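J.: Take a look at the letters that make up each chain.
2 protein chains.
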Amino acid sequence: MVTTLPTIGFCGLGAMGGGMARNLAKEQFPIQGFDVYEPLMDKLVAAGGTASKSPAEAARGKEFLILMVVNDKQADSVLFDGGAVEAMDKGKTIILCSTVPPAYLSTLREHIDAVGRSDLKLLDCPVSGGSIRAAAGTLSIFSSGPEEDLDNADVVLKAMSDPLYRIKGGISMGQVAKMCHQHQAATNIIMASEAMGLAAAAGLNTQEVYDKVCKSIGRSWMFENRGPHMLANDYLTVHSATTIILKDATIVTNHAKAAFFPLPLANMAEQLYIQGCHAGYAKEDDAGLCRMFMPSPTLVGELTASTAAGKYGITVDDIINLMAGVELASTRECMAFAKFVGLDLELLTDIINKGAGASNTYEKAAGEMVKAGIMGFKPVADASEVRDKLEASIKKTEVFHQYLPMSSAALQELNYYL
Amino acid sequence: MVTTLPTIGFCGLGAMGGGMARNLAKEQFPIQGFDVYEPLMDKLVAAGGTASKSPAEAARGKEFLILMVVNDKQADSVLFDGGAVEAMDKGKTIILCSTVPPAYLSTLREHIDAVGRSDLKLLDCPVSGGSIRAAAGTLSIFSSGPEEDLDNADVVLKAMSDPLYRIKGGISMGQVAKMCHQHQAATNIIMASEAMGLAAAAGLNTQEVYDKVCKSIGRSWMFENRGPHMLANDYLTVHSATTIILKDATIVTNHAKAAFFPLPLANMAEQLYIQGCHAGYAKEDDAGLCRMFMPSPTLVGELTASTAAGKYGITVDDIINLMAGVELASTRECMAFAKFVGLDLELLTDIINKGAGASNTYEKAAGEMVKAGIMGFKPVADASEVRDKLEASIKKTEVFHQYLPMSSAALQELNYYL
Numbered sequence: 238m239v240t241t242l243p244t245i246g247f248c249g250l251g252a253m254g255g256g257m258a259r260n261l262a263k264e265q266f267p268i269q270g271f272d273v274y275e276p277l278m279d280k281l282v283a284a285g286g287t288a289s290k291s292p293a294e295a296a297r298g299k300e301f302l303i304l305m306v307v308n309d310k311q312a313d314s315v316l317f318d319g320g321a322v323e324a325m326d327k328g329k330t331i332i333l334c335s336t337v338p339p340a341y342l343s344t345l346r347e348h349i350d351a352v353g354r355s356d357l358k359l360l361d362c363p364v365s366g367g368s369i370r371a372a373a374g375t376l377s378i379f380s381s382g383p384e385e386d387l388d389n390a391d392v393v394l395k396a397m398s399d400p401l402y403r404i405k406g407g408i409s410m411g412q413v414a415k416m417c418h419q420h421q422a423a424t425n426i427i428m429a430s431e432a433m434g435l436a437a438a439a440g441l442n443t444q445e446v447y448d449k450v451c452k453s454i455g456r457s458w459m460f461e462n463r464g465p466h467m468l469a470n471d472y473l474t475v476h477s478a479t480t481i482i483l484k485d486a487t488i489v490t491n492h493a494k495a496a497f498f499p500l501p502l503a504n505m506a507e508q509l510y511i512q513g514c515h516a517g518y519a520k521e522d523d524a525g526l527c528r529m530f531m532p533s534p535t536l537v538g539e540l541t542a543s544t545a546a547g548k549y550g551i552t553v554d555d556i557i558n559l560m561a562g563v564e565l566a567s568t569r570e571c572m573a574f575a576k577f578v579g580l581d582l583e584l585l586t587d588i589i590n591k592g593a594g595a596s597n598t599y600e601k602a603a604g605e606m607v608k609a610g611i612m613g614f615k616p617v618a619d620a621s622e623v624r625d626k627l628e629a630s631i632k633k634t635e636v637f638h639q640y641l642p643m644s645s646a647a648l649q650e651l652n653y654y655l
Numbered sequence: 238m239v240t241t242l243p244t245i246g247f248c249g250l251g252a253m254g255g256g257m258a259r260n261l262a263k264e265q266f267p268i269q270g271f272d273v274y275e276p277l278m279d280k281l282v283a284a285g286g287t288a289s290k291s292p293a294e295a296a297r298g299k300e301f302l303i304l305m306v307v308n309d310k311q312a313d314s315v316l317f318d319g320g321a322v323e324a325m326d327k328g329k330t331i332i333l334c335s336t337v338p339p340a341y342l343s344t345l346r347e348h349i350d351a352v353g354r355s356d357l358k359l360l361d362c363p364v365s366g367g368s369i370r371a372a373a374g375t376l377s378i379f380s381s382g383p384e385e386d387l388d389n390a391d392v393v394l395k396a397m398s399d400p401l402y403r404i405k406g407g408i409s410m411g412q413v414a415k416m417c418h419q420h421q422a423a424t425n426i427i428m429a430s431e432a433m434g435l436a437a438a439a440g441l442n443t444q445e446v447y448d449k450v451c452k453s454i455g456r457s458w459m460f461e462n463r464g465p466h467m468l469a470n471d472y473l474t475v476h477s478a479t480t481i482i483l484k485d486a487t488i489v490t491n492h493a494k495a496a497f498f499p500l501p502l503a504n505m506a507e508q509l510y511i512q513g514c515h516a517g518y519a520k521e522d523d524a525g526l527c528r529m530f531m532p533s534p535t536l537v538g539e540l541t542a543s544t545a546a547g548k549y550g551i552t553v554d555d556i557i558n559l560m561a562g563v564e565l566a567s568t569r570e571c572m573a574f575a576k577f578v579g580l581d582l583e584l585l586t587d588i589i590n591k592g593a594g595a596s597n598t599y600e601k602a603a604g605e606m607v608k609a610g611i612m613g614f615k616p617v618a619d620a621s622e623v624r625d626k627l628e629a630s631i632k633k634t635e636v637f638h639q640y641l642p643m644s645s646a647a648l649q650e651l652n653y654y655l
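Chains as they are written, first to last, in the numbering used here: chain A, 238 to 655; chain B, 238 to 655.
Honestly, the hints are just simulated from the structure, not real lab data.
Treat the hints with care, as some may be off.
Just so you know, same-sequence chains aren't split out, so a pair can sit in one copy or run between any two.
[Said to hold, decoys possible] Result set (DSSO-like, lysine-lysine): computed pairs, CA atoms no more than 30 Å apart in a straight line: (1) Lys395 to Lys280; (2) Lys576 to Lys520; (3) Lys615 to Lys633; (4) Lys484 to Lys494; (5) Lys615 to Lys548; (6) Lys405 to Lys358; (7) Lys626 to Lys576; (8) Lys280 to Lys358; (9) Lys494 to Lys520; (10) Lys548 to Lys633; (11) Lys633 to Lys452; (12) Lys591 to Lys520; (13) Lys263 to Lys358; (14) Lys395 to Lys591; (15) Lys632 to Lys615.
In this text the structure is predicted, and so the values were computed from the model without any measurement.
The whole structure should be built from the sequences, with the hints applied where relevant.
T.: As structure tokens, this is what we get:
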């Protein structure tokens, strides 16, 4: 059989990488995989790929070496200790799909050059979308690097993605785009927990709250996605572990900190993930963090048929007010940060609106901010009203001392900027 | 002249190091200094020391090499690039007085060993107390390292300090003690600004507020120290720049983050320092951060003779309530962290009570927490009352949307733990 598809080496065959590699095999790319855990390679072989004994073997003679390892340390380990860089043919391409600190890309480029392999091409292509889209070849990919090298890799990147974004500004800007997206993911995931925690603590019918919030201005993609895990009281079926979003949140906060850019909401979110890990929830589904915000761990699911009126007059509107308020403050923080790091704001808005960082408030407010060219709240006509509603709903919970760290921090940010 | 005092090389002759070195010269230690900025060496020569052309020259033939440089990068630069380690005689002692991340000490020890100088002794001796106490030889020093090496350096350490603390647990524990002290310094400095900002925004007589707070449970050493800079509207006379406390706050938050230990209040404080830098106050006195919390930059000083009643009934008691609430939450966070990192809690309490991290609430509550062996708020009999007062005083400001990020975060922490 004659194939015109390029050969691929693929290192890192976990939940994401395994699906991506098997999809490429099904699409008829000649692909050889490597993972330290052998059974993962068997699954690739079953899908039509081959296995290898080392990163070097996976890399040798291939047009493309794709990395989907956990972090920058593992990437270094595969590329240098594992001999992949040394084994690659002249002028071939490394595609890094892992989410890593943006600064790592320039460190990596220098490292590759320093070992005498400036002939190798390097592309920065972090992904988003989860394991199901990985296996279907429909991930969001944020690609960056030299234009001609991206063109050259187009057939491979297209086979893994839908949509495929090309982020201007050179290598590392793919990571920067992913990072700004994860700012929204990180603040929305924990806010989903804080909101459902309040609903449960107030004794509301949590199924009804879920349904109504999903149809309201307070809705976020993360709330919609995590809510059912909370309603089922199931945090041991791990769709995405707390440590995963914590890792991404830390990339956001560290990048901003190094540039002296304030991100109080993202930092508060990160502290809450750390608090969740400290409370023993590190390896469980991140939806389980709702337990930090309610008196009993199983209350969300228990209350799906509750007919009780909310404690002290708390209603579903209060839940919506908190979410809309946090999402507005978080949208401003995200857009100001994206502007600071030099991202194309219209492209970012498109990415987030179509991604897991989406929220109805972001969709409404980010566009207004970009159009007005202002990064405060001024372009958002009803910002003061959103703040007042947030404040009023927080106040109703004071009498039973509900824990509302994100809502309170967001109110303070609105006070500072309005 | 026959002297029994050991010879000293001293690198880093800035505001702190210059005073320390001149004090040693006055105390008759034979001392040779080095600084990249030559005029600083002239001042040491005038005090009886000698100058040198390089770190290597300062280190050569000395019993002790003392480093008081800005950070770990400068320490590496002096010791390795500058040739100090190579130049030192066999078995002599390096005393690092700079504040650096605790993890740097083991990295440094390994680095010294790796270049074949495991014969050299290394002591970890960060200091606290400011430039006046540095020049007087009365700094607080947090010394750690092998017991016999500390004994050997006793005459030098004593000449620079009062009190001299010896922190058990081996090298880096001196930094850990300093770090826990700086947790209190970092939260108290920004809270002083938040409190005075509210006093000004409410139109209170700020001199009267200052006087009354200093005699109340809300008093902190930092409030007492920074208050006069605010009352004088003078932030260009720089006693301690915003970047200094930011650097120390970052050591605290990074250490905790790496260990997955939550410190929401220290992280909020750090975000506010970053926000202050972003607003243009980086190089000014940190007391100037009060401008983030009030409508007009000069208001604190303008209001020292105000006879107005506080806006919406705000009184000095509200200012005290906010400070006492934040200090209680911050005391718990500090003590829980200190326990986590393995510090001697009674010793730490003594250090903080006598240091710049002191507050009346810490003095009262930390002792109760240590005695009870519990790290929550339970040992503090009136914790709920402190929380309720904090909550009531925050609530009074809502109508004019005062920016109270530390107070709000502290209230949430009290809600979480109580």
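J.: Each hint should be assessed against the structure and marked as holding or not.
T.: Against the structure, the hints come out as follows:
1. Lys395 to Lys280: For Lys395 and Lys280, only the intra-copy Cα distance (23 Å) is at most 30 Å; the inter-copy one is 67 Å.
2. Lys576 to Lys520: between (34 Å within a copy, 24 Å between copies)
3. Lys615 to Lys633: both (27 Å within a copy, 26 Å between copies)
4. Lys484 to Lys494: Classified as both; 15 Å inside a copy, 11 Å across copies.
5. Lys615 to Lys548: For Lys615 and Lys548, the Cα distance is within 30 Å only across copies (26 Å; inside one copy 35 Å).
6. Lys405 to Lys358: within (17 Å within a copy, 52 Å between copies)
7. Lys626 to Lys576: within (28 Å within a copy, 40 Å between copies)
8. Lys280 to Lys358: Classified as within: same-chain Cα gap 29 Å, cross-chain 55 Å, threshold 30 Å.
9. Lys494 to Lys520: Intra 27 Å, inter 17 Å, cutoff 30 Å: intra and inter.
10. Lys548 to Lys633: both (9 Å within a copy, 23 Å between copies)
11. Lys633 to Lys452: Within one copy, since 23 Å is at most 30 Å while 34 Å is not.
12. Lys591 to Lys520: Within one copy only: 28 Å inside, 42 Å across.
13. Lys263 to Lys358: within (26 Å within a copy, 62 Å between copies)
14. Lys395 to Lys591: For Lys395 and Lys591, only the intra-copy Cα distance (17 Å) is at most 30 Å; the inter-copy one is 64 Å.
15. Lys632 to Lys615: both (25 Å within a copy, 25 Å between copies)
The structure agrees with every numbered hint stated previously.
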